[in-house]
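Colleague: Chain residues, written in single-letter form:
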Amino acid sequence: MLSAGLFMIGVIGVLVRRNIIIIFMSIELILNAVNINLVAIAHQMDDLSGQVFAVFIIAVAAAEAAVGLGILLAFYRNKETVNIDEMTIMRW
Amino acid sequence: MLEAVVFYVLGGMILGLGVLVITAKSAVHSVLFLVLNFLFVAALYVTLNAEFLAVIQIMVYAGGIVVLYLFVVMLVNLKRAHEQHADPRRLGVIGMLLAGVVLIEVVAISVSTASRDAAPVVASAVREFPERLNDPLLNTERLGWVLYTDYLIPFELASMLLLVAMIGAIVLARRDA
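Keeping their order, the protein sequence lines are chains D and F.
If you're matching positions, the first sequence starts at 1 in our numbering and goes up one per residue.
If you're matching positions, the second sequence starts at 1 in our numbering and goes up one per residue.
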């Protein structure tokens, strides 16, 4: 329940906000929700695989944040905006 | 009973802070709510017998990722951030208070640790370690054991991913790229 709630908040954040930094933060919320779920189930089943997977998710989240924010900085330097409605450079 | 109460309090705080993260007007406030959210998630991990993950959560998320976000927010909102510090004196007083508290804390810690002898603690830890490695109840040892035996290849792949991401982030954020 808690994990699903946090997940929903993250999804709503991705869909509703137009500031790309806040969208990245919502993605972190989603990953955290998944981690809570994994750890809770690992606790329930008395199995460590869930926790190992949560460690990997944290590593991937760190990589994702670093690359995402790097792209964001490069984009901001060129376009001077963080509003995703104006990020149409890849539109066909 | 107590466990349930702790869980519901932590869960409520996590959900409330999550809502605050996505509804906050200013991105800086959003990041600060995110820090609190991660800290409460770490507390939840402690209640779920995942102490190692709780520590990792605090170090990687609350320490690393959030600092990254704060840097980007400050780089991006450079023009607006100037106006909010119109009254530097009030912030100066708060800063001096905080610095005083930290100073008192550091002095207290150094006094209390200097009066204690560290050698017996280290010796007992060294002596106990071989037995503790086989103790099935200690979360960190068990996790390390599983991570370096059953999940060795995913572990190495994750380290490669982090290396590639680090190089990629440096290349992307370089000024003359």
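Treat the hints as calculated values from the structure; they're not laboratory data.
Beta carbons: idealized from backbone N, C-alpha and C, even for Gly.
Some clues are possibly wrong.
[As the list claims (entries may be wrong)] Ranges between beta-carbon positions, derived for each pair: (1) 163/F / 43/D: 28 to 34 Å; (2) 43/D / 91/F: 19 to 25 Å; (3) 108/F / 79/D: 37 to 43 Å; (4) 49/F / 79/D: 25 to 31 Å; (5) 43/D / 74/F: 37 to 43 Å; (6) 46/D / 7/F: 14 to 20 Å; (7) 93/F / 47/D: 50 to 56 Å; (8) 79/D / 64/F: 25 to 31 Å; (9) 162/F / 79/D: 27 to 33 Å; (10) 153/F / 47/D: 18 to 24 Å.
Colleague: The structure should be examined with respect to each hint, and the outcome stated for every one.
Modeller: These are the hints, each one checked on the structure:
1. Take residue 163/F and residue 43/D: their Cβ atoms lie about 32 Å apart, and the range 28 to 34 Å holds.
2. For the pair residue 43/D and residue 91/F, the supplied restraint of 19 to 25 Å is violated, since their beta-carbon distance comes to about 43 Å.
3. Checking the proposed 37 to 43 Å range against residue 108/F and residue 79/D shows it is violated: the Cβ atoms sit about 50 Å from each other.
4. Checked against the given bound of 25 to 31 Å, the beta carbons of residue 49/F and residue 79/D, roughly 47 Å apart, lie outside it.
5. At roughly 38 Å, the beta carbons of residue 43/D and residue 74/F sit within the given window of 37 to 43 Å.
6. Between residue 46/D and residue 7/F the Cβ separation comes to about 18 Å, which falls inside the hinted range of 14 to 20 Å.
7. About 52 Å separates the C-beta atoms of residue 93/F and residue 47/D, a value consistent with the hinted range of 50 to 56 Å.
8. At roughly 27 Å, the beta carbons of residue 79/D and residue 64/F sit within the given window of 25 to 31 Å.
9. The given range of 27 to 33 Å is respected by residue 162/F and residue 79/D, whose C-beta atoms sit roughly 29 Å from each other.
10. The hinted range of 18 to 24 Å is satisfied by residue 153/F and residue 47/D, whose Cβ atoms lie roughly 19 Å apart.
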